[in-house]
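K.L.:
Protein chains in written order, with my numbering: chain A, 410 to 790; chain B, 410 to 790.
Once the Cα atoms are required to be at most 30 Å apart in a straight line, the calculated BS3-like pairs of lysine-lysine come out as:
hint : chain 1 : residue 1 : chain 2 : residue 2
1    : B       : Lys484    : A       : Lys528
2    : B       : Lys484    : A       : Lys520
3    : B       : Lys528    : A       : Lys484
4    : A       : Lys675    : A       : Lys484
5    : A       : Lys484    : B       : Lys520
6    : A       : Lys651    : A       : Lys664
7    : A       : Lys484    : B       : Lys484
8    : A       : Lys411    : A       : Lys651
9    : B       : Lys693    : B       : Lys675
10   : A       : Lys651    : A       : Lys675
Hints were generated in silico from the structure; no laboratory data involved. Since this is a predicted model, take the numbers as computed values, not measurements.
Letter by letter, the chains look like this.
There are 2 protein chains.
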Amino acid sequence: MKFIHTSDWHIGRQLHNQSLIDDQRHILVQILALAEEHEVDAVIIAGDIYDRSIPPANAVALLDDVVNRLVNEMKLPVIMIAGNHDGHERLGFASRQMSDSGLHIIGPLHKELLPITLKGKSGSAVFYGLPYADPATVRHVFDCEVSSHEQAMGVLLEQVHEHDSQGLPKVVIGHCFLDGGSESESERPLSIGGADKISPTLFTPFNYTALGHLHGPQYKGEEQVRYSGSILKYSFSEQHQKKSVTLVDFDSQGKAQIELLPLAAKRDVRIVEGELSALLEAGKTDPNRDDYLMVRLLDKHAILDAMGKLRSVYPNVLHLERTGLMSDNGQLEIRRDHIKKGELDMFTEFFSQVSGESMNEAQQQAMVQAIDELHKGEQSS
Amino acid sequence: MKFIHTSDWHIGRQLHNQSLIDDQRHILVQILALAEEHEVDAVIIAGDIYDRSIPPANAVALLDDVVNRLVNEMKLPVIMIAGNHDGHERLGFASRQMSDSGLHIIGPLHKELLPITLKGKSGSAVFYGLPYADPATVRHVFDCEVSSHEQAMGVLLEQVHEHDSQGLPKVVIGHCFLDGGSESESERPLSIGGADKISPTLFTPFNYTALGHLHGPQYKGEEQVRYSGSILKYSFSEQHQKKSVTLVDFDSQGKAQIELLPLAAKRDVRIVEGELSALLEAGKTDPNRDDYLMVRLLDKHAILDAMGKLRSVYPNVLHLERTGLMSDNGQLEIRRDHIKKGELDMFTEFFSQVSGESMNEAQQQAMVQAIDELHKGEQSS
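Could you build the full structure based on these sequences and the hints that come with them?
P.N.:
What follows is the structure, given as structure tokens:
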């Protein structure tokens, strides 16, 4: 049994108001190609399929395309669970009518766990899809007393322990926050104050645990208790992460052999730093100037329309930080300085930036007069 | 081939801010029972499954329940098309993965029509599901020039004409406005100015046309070109309609035998008219006092908290019309009269209503003084 473990597709997500749907399509097509190349027997998606409980129509259409390719054309079974971003009822609609096709969607939490046995070219395995469920949901569905995420997961895992897999490897699919896991800035907290953390030891008894939620690929406790990570960098804090899907293959002892298959984004997400003139010069020959950028400008003087100038070279600058302006005295003092400066000094600086020249005597006098009149107007109104 | 034709479920709809989800569940369970009782071979739902393109989660859960009962438990094929209220992409998600189960959802319009041949206990038939599509959508999908709804439907029907049904009856499923059809207040217009009307003659060549959109059951042109109507009264304008589903059975010549199977709402939607005291008295013995009511009060004097008094007897009064107040001189003149009356007269009337007594001299003087002080306050502010 060889399968791809992926998660956190977040279809429909935006990065600083920029739609990523083309980037997502680009990556999902790669996953289809990897599934074909590695002749896998199944694809597992461990939650946060969509970014929002009500995904936009083009996100639904993209997932529909991908599922048609996997299930109908490539004849590969797909198991997906709802994550904390997904609308469980919406994602799970008509899932009983789909399962015979090989598409298994586990939306709302139900009391009966439905183990899914998949037959691979070299052996079978049993998959247990546990949708994201907070303690309140588990209390409601199982009519039991649990107050932490760890206790709640414990209740869900009881059935996995009890189920007789007939000696086949057991694969748990979950969406949760493992204690000690590395966060990024793009994950939405499951609860405030740490009650959302689950010990990795809960999962070590199983042959493999395919997790979603954390966006960096990582394992905790044992190598087979693992996050695949998201398919794209969904925040600048992830700039140094290598995104991938996880290829899992069980040996004859049911031990998981693990390989990370890298994903190549259409546009990288990265931070560049420098003075404007140097960045503009470098941008002319940057083969990746379409990347999504956060720019940290080191220039220490005010610059007119820095964003516009940068975007003429790097079209996808999404965020600009005036690091240089803030570094010397702290941004607050700069601002205070601006306020003390008065209108004439500020305009003089502005004028020289726009025109490239200093104001002459006549221009200065005209400006002084204009400012005076404005002040008089203010006092009489 | 015997099937039930229904449409315009509008799951998730509200009536004057009142959720109808329990009423909808009540009716849908009846449809399941009718399907069983009449041993039908299929259930056809001609659009407006949901009331909104983004249905609430409990609406999705209800449709999921109904579909599980029909398709998985009763083993009945279901064909549904998207209406003008439905979100085509959302409704149609994963439809290719469902169709083998017997659940056929036709969401977005595609260039290739997919005829669905269903085998019944006494003969088969071919069903052609045409989702609601305005002229712009048809122009886009078929790359053709059409400007009216009738021309657009003509393009869609070309493929139905061309398809060889091997002598089997042809059933068209559509969602549109037939010229001459009777409207209710609960249908959303498809376009402004009448360009949405389609001649019934477009459909007369087919053995049966199962239509959705108009909420009253009716046929146009020929008996087999038919609206089933909505499952519930979705406006007070429908108070005299009899809601039903349509039972269709083809005889050996492929002629449709038609029977209306009535639906019994959990709570009726009706208008009652009378003076408050009479209505309150009648309400005490009204076995249907849970109905959704619009009340037209004939009393000609102001009544304090008429809605509260009515709801103590009829809990589901949704709308109140003070017909009596408006009838004599028209509402506007009443209002003008109120304005002329002045505060003292109005308060005197109010006082006698609340207390059941007239104000005495001392009370009147206190009121005059209070009004005077208010007026002085107004002038000095």
